[in-house]
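Asks: Protein sequence lines correspond, in order, to chains G and X. Numbered according to the numbering used here, the first sequence spans residues 40 to 154. Numbered according to the numbering used here, the second sequence spans residues 485 to 829.
Treat the hints with caution; some may be incorrect.
Quick list of in silico lysine to any residue cross-link-like pairs, SDA-like style, CA-CA up to 20 Å [as the list claims (entries may be wrong)]:
| hint | chain 1 | residue 1 | chain 2 | residue 2 |
| --- | --- | --- | --- | --- |
| 1 | X | K722 | G | E79 |
| 2 | X | K722 | X | P760 |
| 3 | X | K658 | G | G47 |
| 4 | X | K722 | X | K658 |
| 5 | X | K722 | G | C128 |
| 6 | X | K658 | G | L50 |
| 7 | X | K658 | G | L122 |
| 8 | X | K658 | G | V78 |
| 9 | X | K722 | X | G692 |
| 10 | X | K658 | G | M43 |
| 11 | X | K658 | G | C116 |
| 12 | X | K658 | G | R51 |
| 13 | X | K722 | G | L122 |
| 14 | X | K823 | G | C116 |
Honestly, the hints are just simulated from the structure, not real lab data. Small disclaimer: the values here were computed from a predicted structure and weren't measured.
Chain residues, written in single-letter form:
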Amino acid sequence: MHEMSLAGSILRVVEAAAEREHFVRVTLLRIEAGALAGVEAGALRFALEVMAQDTCLQGARIDIDTPPAAAWCMQCCTSVAMLARGDPCEHCGNAQLQPTSGTELRVVDMMVDDI
Amino acid sequence: MCAVCGCANTAPASAGHEHDHPHPHEHAHPHKHKHEHQHEHQHEHQQVHAHHADHVAVDADSGDMHYGAGPARVSVPGISQARAIRLEQNVLAENNRHASCNRHSFAERGMLALNLVSSPGSGKTTLLCATIAALRSRANELPVAVIEGDQQTSFDADRIRATGAAAIQINTGKGCHLDAQMVGAALPRLYPGAIADAGGVLFIENVGNLVCPALWDLGEAAKVVILSVTEGEDKPLKYPDMFGAARLMVLNKTDLLPHLQFDVARCIAYARRINPHIEVLQLSATSGAGMDAWLDWIMAAHGGVPQASADGNAHSILRAPDPLAARIAALEAELAALKRQGGAA
Numbered sequence: 040m041h042e043m044s045l046a047g048s049i050l051r052v053v054e055a056a057a058e059r060e061h062f063v064r065v066t067l068l069r070i071e072a073g074a075l076a077g078v079e080a081g082a083l084r085f086a087l088e089v090m091a092q093d094t095c096l097q098g099a100r101i102d103i104d105t106p107p108a109a110a111w112c113m114q115c116c117t118s119v120a121m122l123a124r125g126d127p128c129e130h131c132g133n134a135q136l137q138p139t140s141g142t143e144l145r146v147v148d149m150m151v152d153d154i
Numbered sequence: 485m486c487a488v489c490g491c492a493n494t495a496p497a498s499a500g501h502e503h504d505h506p507h508p509h510e511h512a513h514p515h516k517h518k519h520e521h522q523h524e525h526q527h528e529h530q531q532v533h534a535h536h537a538d539h540v541a542v543d544a545d546s547g548d549m550h551y552g553a554g555p556a557r558v559s560v561p562g563i564s565q566a567r568a569i570r571l572e573q574n575v576l577a578e579n580n581r582h583a584s585c586n587r588h589s590f591a592e593r594g595m596l597a598l599n600l601v602s603s604p605g606s607g608k609t610t611l612l613c614a615t616i617a618a619l620r621s622r623a624n625e626l627p628v629a630v631i632e633g634d635q636q637t638s639f640d641a642d643r644i645r646a647t648g649a650a651a652i653q654i655n656t657g658k659g660c661h662l663d664a665q666m667v668g669a670a671l672p673r674l675y676p677g678a679i680a681d682a683g684g685v686l687f688i689e690n691v692g693n694l695v696c697p698a699l700w701d702l703g704e705a706a707k708v709v710i711l712s713v714t715e716g717e718d719k720p721l722k723y724p725d726m727f728g729a730a731r732l733m734v735l736n737k738t739d740l741l742p743h744l745q746f747d748v749a750r751c752i753a754y755a756r757r758i759n760p761h762i763e764v765l766q767l768s769a770t771s772g773a774g775m776d777a778w779l780d781w782i783m784a785a786h787g788g789v790p791q792a793s794a795d796g797n798a799h800s801i802l803r804a805p806d807p808l809a810a811r812i813a814a815l816e817a818e819l820a821a822l823k824r825q826g827g828a829a
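Next up, chain X with everything else stripped away, as it sits in the complex (with noise of 0.2 Å):
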């Protein structure tokens, strides 16, 4: 059973809850050096190797002197009392291994759950009131709930709540993103019964900045980054990291671009500069232009209901190939084919 979140997740200690996305553990290192220094693996099980210690205990009121107190029950003359401890801890490891138990529940559960990010009144709420109506017609069995971050109020779950999709609020207070933690505990909260045939599609609303949310994996499949037309075409160069963590670009509130000095062309070459994978769609939530290819796209990644477009092939467009992956591999096999040709020479 995990120790962070008791959820089932049995993976060996030295994988940790790796599922499908990797994370940037870091593992300490091989055992190879002396014995002043104390380490400790990155591992759910947590093993200290005690090499030494001086530590003496002093009784206060007799004068007795105890050097079986360390951590090793041994003193060793000539070390010091101050000694040195190597960590080399990811500082987002707590994090991680939330995000991965959130990640397993939601795998578990055949869950799609999508991190929505943006800048403060970029429509999020607007969109994601329009998305799940547009969901109930079009796939009326498929459930939709969102989790709301914010620092306060409950103002966007009750607008989600009016729609009749359910929600939960979380107010940061003086946060300025949600973490892996905070989502992990309103998960139960949020589908209380039967959680093993959830399903669907969790919406989790971030809290509005461009800057934070990206450092903080939650456990979800994809950030999708909205970016509305109002807002200047050049926020992907403004704010890389998030640009660059996202999957899917929404440019909102195109129903507005007759009014602005927007360059659509223009915004999307950036987007592209910073993450040249980046996906990008086009719409209004409020005058439903483009509803339908976001529809798509979020059917798709479900994975289990087929498009609504005309190949009508559905499948995951959320594995997408990793380009690096892709790159070496083709650098391998140009190599193969040359020491065949210097071979064969």
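One chain only, chain G, in its complex shape (with noise of 0.2 Å):
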């Protein structure tokens, strides 16, 4: 259940921005959420949708982006494509793989009404 907390989390980033920006609703929000992010972006999106209730971000669009992971092999010295940690790399076997995008869970931006 921690796409709960990470909900809580991202609510808590788009209050604290409300907070400074003055505005009063979402009405588009972007998140991004990497495959090797460790979330479900299913399972993200209902969290985030039962967490807006009654806030600024309630009736938002929840857009979440989740970018392709990808590696680079520390031994054939390439970047490659993965679907998963542990997967090895597709050239060499070597499992050695050190990740360079797919890991990112953040909110990218957002579209508000000032009123």
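Dock chain to chain to rebuild the complex, using the hints, since each chain is given by itself in its own frame.
Replies: Okay, structure coming up:
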């Protein structure tokens, strides 16, 4: 159930921005949850919709982008695609891959209404 | 003074509280874009650069219109009331700030903090009780304390306190993992007195869960994953995030091996496939087998106390070489050598 904790964190980010920027409502929230971020996008969306009740986030459209995982193979020194942690390099079979993308979990941007 | 926890860390705003461990901080992009975006930096001191607003506030009684009420105190015709705000903020940034504070507290006090993770029932608490007793006979002067995490009850903290060590129970309620704020709040309760010379070892026994705690940095020096031989040797492949994040895997309940179909070598191979540099120890908390090596590991990690083993060298094994940095260095050396050869020819 940690998607709930993450949704709570996201809501706090949004509410802190609301305090600073003085908007009243979010109409679109864009989130990035990479394939290696350890987050299930569907569960996160559900959790956000629950948490959004009676907040400035209520009714907002939520876009969750899931950038694919990519890694750098330390043996053949090339960038390779990766499905999940633990996958071996598709060229040389080595499992020592350094993730270069897909680990992000962040609030990218949002559209807000001031009135 | 740190705005998060009041600690004395006065690291520059752009660096945050970085100490020995890198954190996945997201830093806002450079100031290259146009005026219609607001952006926010993930620094200790919030700096908001307001470039525009077209906020009109209307007085309900008189109908008067006030264009100066928005953040920039001005109206720019033609730009709508809706606007975009760019944040690029890591969702776990707040947890990571607390974790940095904790890390700083531990370093200040010369404490080794270990985050023990596992499924429920792997034997973490029994191992901790046995470890506390063994540490007391090997290094009596080393202070040992425990933070216990469970959804409910204080059973585990009670068991630890019965051994004579200090313990604080954190009940997470519906929560499935400990987070850095919880650990930070427990520290002054665990060490109410002169914290400055607390030193010693702090074991954080996380909620029994092989999934969620992997995501939440508590400020620990290392995660230790405890896997009991009754759980099945394929666990590392099933839970790659956790085994990937751990520095050490402890295979517990080895006294039961004669009664099981558990393939130790295969389990270790699976763990190394997920995490090539993971260290492995095998022990039984109940029979005592392998406990000496476990204590050696803890003492070496703590750094201040010499190991009991034959080589007699005390070194901090937690400062393991970064494999990526080593590989990059090797490649750079190769490239330099090739360039020299090319130039000489």
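Asks: Hint by hint, say whether it matches the structure.
Replies: Results of checking the hints against the structure:
Annotation: proposed proximity of K722 of chain X to E79 of chain G holds, straight-line Cα distance about 16 Å (limit 20 Å). Distance hint between K722 of chain X and P760 of chain X is fulfilled; the C-alpha atoms sit about 16 Å from each other, no more than 20 Å. For the hint linking K658 of chain X to G47 of chain G, the alpha-carbon distance of about 13 Å falls within 20 Å, and the restraint holds. At roughly 24 Å between alpha-carbon atoms, K722 of chain X and K658 of chain X are farther apart than 20 Å, so this suggested pair is violated.
Annotation: proposed proximity of K722 of chain X to C128 of chain G holds, straight-line Cα distance about 19 Å (limit 20 Å). Proposed proximity of K658 of chain X and L50 of chain G is supported: the alpha carbons are some 18 Å apart, at most 20 Å. The suggested pairing of K658 of chain X with L122 of chain G is violated, with an alpha-carbon distance near 31 Å, which exceeds 20 Å. Taken as a hint, the K658 of chain X and V78 of chain G pair is honoured in the structure, with Cα atoms around 18 Å apart against an allowance of 20 Å.
Only pairs whose Cα atoms come within 20 Å are accepted, and K722 of chain X paired with G692 of chain X is accepted, the gap being roughly 16 Å. Of the pairs offered as hints, the one joining K658 of chain X and M43 of chain G holds, with about 10 Å between alpha carbons and a cut-off of 20 Å not exceeded. The straight-line distance between the Cα atoms of K658 of chain X and C116 of chain G is roughly 44 Å, outside the 20 Å bound, and the hint therefore fails. For the hint pairing K658 of chain X with R51 of chain G, the CA-to-CA distance comes to about 19 Å; that is within 20 Å, so the pair holds.
A hinted pair counts as satisfied when its Cα atoms are at most 20 Å apart, and K722 of chain X with L122 of chain G qualifies at roughly 14 Å. A hinted pair counts as satisfied when its Cα atoms are at most 20 Å apart, and K823 of chain X with C116 of chain G qualifies at roughly 18 Å.
The structure fails hints 4, 7, 11 (numbered hints given earlier, in ascending order).
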